[in-house]
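Undergrad: Using the hints, position chain B against chain A.
Those sequence lines, one after another, are chains A and B. Take 1 as the starting number for the first sequence in our numbering and just add one per residue. Take 1 as the starting number for the second sequence in our numbering and just add one per residue.
Zero decoy hints are in this set.
Quick partial rundown of chain B residues pointing at chain A, CB under 8 angstroms, derived from the structure:
hint: 1; residue: R138
hint: 2; residue: S139
hint: 3; residue: G154
hint: 4; residue: S155
hint: 5; residue: G157
hint: 6; residue: S158
Which residues of chain B face chain A? A partial, calculated answer using Cβ under 10 angstroms:
hint: 7; residue: S135
hint: 8; residue: P136
hint: 9; residue: V137
hint: 10; residue: Q141
hint: 11; residue: A160
Quick list of simulated restraints, FRET-style, between CB atoms:
hint: 12; chain 1: A; residue 1: G247; chain 2: B; residue 2: G184; range: 50 to 56 angstroms
hint: 13; chain 1: A; residue 1: P204; chain 2: B; residue 2: E211; range: 34 to 40 angstroms
hint: 14; chain 1: B; residue 1: Y206; chain 2: A; residue 2: K103; range: 43 to 49 angstroms
hint: 15; chain 1: A; residue 1: G247; chain 2: B; residue 2: E228; range: 55 to 61 angstroms
hint: 16; chain 1: B; residue 1: Y206; chain 2: A; residue 2: E199; range: 24 to 30 angstroms
hint: 17; chain 1: A; residue 1: V256; chain 2: B; residue 2: L235; range: 39 to 45 angstroms
hint: 18; chain 1: A; residue 1: D93; chain 2: B; residue 2: P129; range: 44 to 50 angstroms
hint: 19; chain 1: B; residue 1: N218; chain 2: A; residue 2: N33; range: 46 to 52 angstroms
hint: 20; chain 1: B; residue 1: Y206; chain 2: A; residue 2: K78; range: 58 to 64 angstroms
hint: 21; chain 1: A; residue 1: K103; chain 2: B; residue 2: P220; range: 45 to 51 angstroms
Keep in mind the hints are simulated off the structure, nothing from the lab. Treat the numbers as computed from the prediction; the structure is a model and nothing was measured. Idealized CB from N, CA, C, for every residue including glycine.
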Amino acid sequence: MAKVLVVTSGKGGVGKTTSTAALGAALAQMGQNVVVIDFDVGLRNLDLVMGAERRVVFDLINVVQGVAKLPQALIRDKRLENLWLLPASQTRDKDALTEEGVKRVIADLKTKFDWILCDSPAGIERGATLAMRYADEAIIVTNPEVSSVRDSDRIIGMLDSKTARAERGERVEKHLLVTRYDSARAARGEMLSIDDILEILATPLLGIVPESQDVLRASNVGCPVTLNAASSAPARAYTDAVRRLMGEAVEMTVPVERKGLMDRLLRRRAA
Amino acid sequence: MDATPQVARQQVRMRGRSYVAFVFSPVVPVVSWLAEIDATLGKSPGFFTGKPVVLDLSAVDLSQAAIAHLVGSLAERNIRILGIEGVDESKLGANLPPLLTGGRACAITHVEPKTPPVQEKNKDKTKLPSLLLESPVRSGQSIVFAEGDVTVLGSVGSGAEIVAGGSIHIYGTLRGRAMAGINGNSAARIFCQKIEAELLAIDGYYQTADEIADSLRNRPAQAWLEGEMLRITALN
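Same shape as in the complex, but just chain B:
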């Protein structure tokens, strides 16, 4: 979770965000476990760089000094620990990473050199997340698609809303609400063939119908974020 204080407004904007973290579960003897990590690093140096790593100590019983030593040994290998699991909180001093709870297991690309980048590339190619709606979105309907772009072949009625993680494309009149980039994607945009929107929002910055210039009404328009300003311009 990151919290960005903003000077201009008095509110602190809090946003949730989840990441997949590698979990290390050291086993005794810790020395030979570290040797295995070294072997992995030997095959692909910098594999863990920039990746969130969590230490699960439930399989070993280490003193506070031993934990500090282990964290230090990993730091020497350029592996920084985001948090520690499976240990009593009293064992973690102020100079150690915080205790983490509530983690859930999930599939992860196997710790093998070279394969992960290839897999990631494949993922990008095959799974371009977007949602295509071939009928108008009616008043009262709420379309939420946090994974990516939403395209509507038709109008979005007054009192309807589209919420998208990516951009929103409307090949019709936008009379309802459109909220793009809800997961902190400030590059998301909103496009529509005719703008009569009740509200437009990108990454939490919004404008209501009152604030949208009359000169734009009934025209093709796009909205995007310029810094902290939501800009709306005609498309032609």
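Next up, chain A with everything else stripped away, as it sits in the complex:
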């Protein structure tokens, strides 16, 4: 049975799109059929992070409005044949999305894929509510700072009230993904600790992705970090998160950079 997952946060810039790409790629690497949908109509980014921006012909709006058929709009990833992207339109805005249209597209995708990852735009308006509308599960991306945590709390409240599942009296299963985490700064009290975040949000933890240059580097070359630098600390964190999503019990740790002695010496000299 296909699972519809929304990657959401409320606040912008916390890593929703990066996480959607990384998780989607990690799921595909494990042999799952995956489609990632960009719901950020008007400010699309997922195509860039996935490195598919030069192959976009039709988009989600075209499919919702019946201008194009779903297979025409789906873009297959060049590196993983079971990873697909449904891009957003850059020229329209979120009002072009309709609830009925989104429902139809997701129902259609459910017959073709194992996992449907919806990359939500920031905010709590139409785009964000439609991205979460038909979700079975939600990944809430949070940075270890108060404004991000409060916005996540708001989004969790909306997941419990505004989704189709909530309206049917069912639950949307929620997972917390903490990104841009820096253990050293958290230890010095410059960042919220994982315990603080979990205490405030009262939501099970899916993973802790450490702050890393590898993430930015991967986005810049248009390749999900789980493919671009598979052995890097953030990639391992995303892969662990995906294994937990699939029901595996994986011990919760904060992956650290693996540095050799030469690496450290070179870095010290460079710094």
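TA: Same frame as chain A, but now just chain B:
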């Protein structure tokens, strides 16, 4: 509506309040109608004492003097009239109760001796109004329950608010706003397992996060009203 002027502050606090009033609709001849009232009073003296009573004169056409006489006759029976309905305002002089409009019909315990007190008791037993929330209240959510107490099994997030007619009990951390006793219930209290509140209010008197002592932070606490002072103390 009552308006209480307060000397210490320059604002007049206005509050709305609604009551269920008995409506008397006299019919002609008024004398025999009064005799029926007497019969009711004979069975249970003082039945109308302290109850708001409204006179609906739409079924009869009485002069100003006749209205004054009727009000006087009722006053002799210890029935005081709160207001009059269904009559032209010009017929009501300065010494008569004011004209009332906008009343809505509602269910009322039947005017029969003895039964009303019993019914009221039953009501108290069966319908203790309280609201129990078994999940955390998230940022942006607003829980309004004017009928009574609110209990939350979980935390109240920053940017969330609980508004209750009665007391508020939070078995978690209170990070948002809690407003208790909104209908003028100054006996209402707020309890929480951990206080990090943005605002606490009881019966309109409030304190913001800035005014809450740091020594209380992160501890179990309760807030109550002492006169016009909102007091917050640790629970242990």
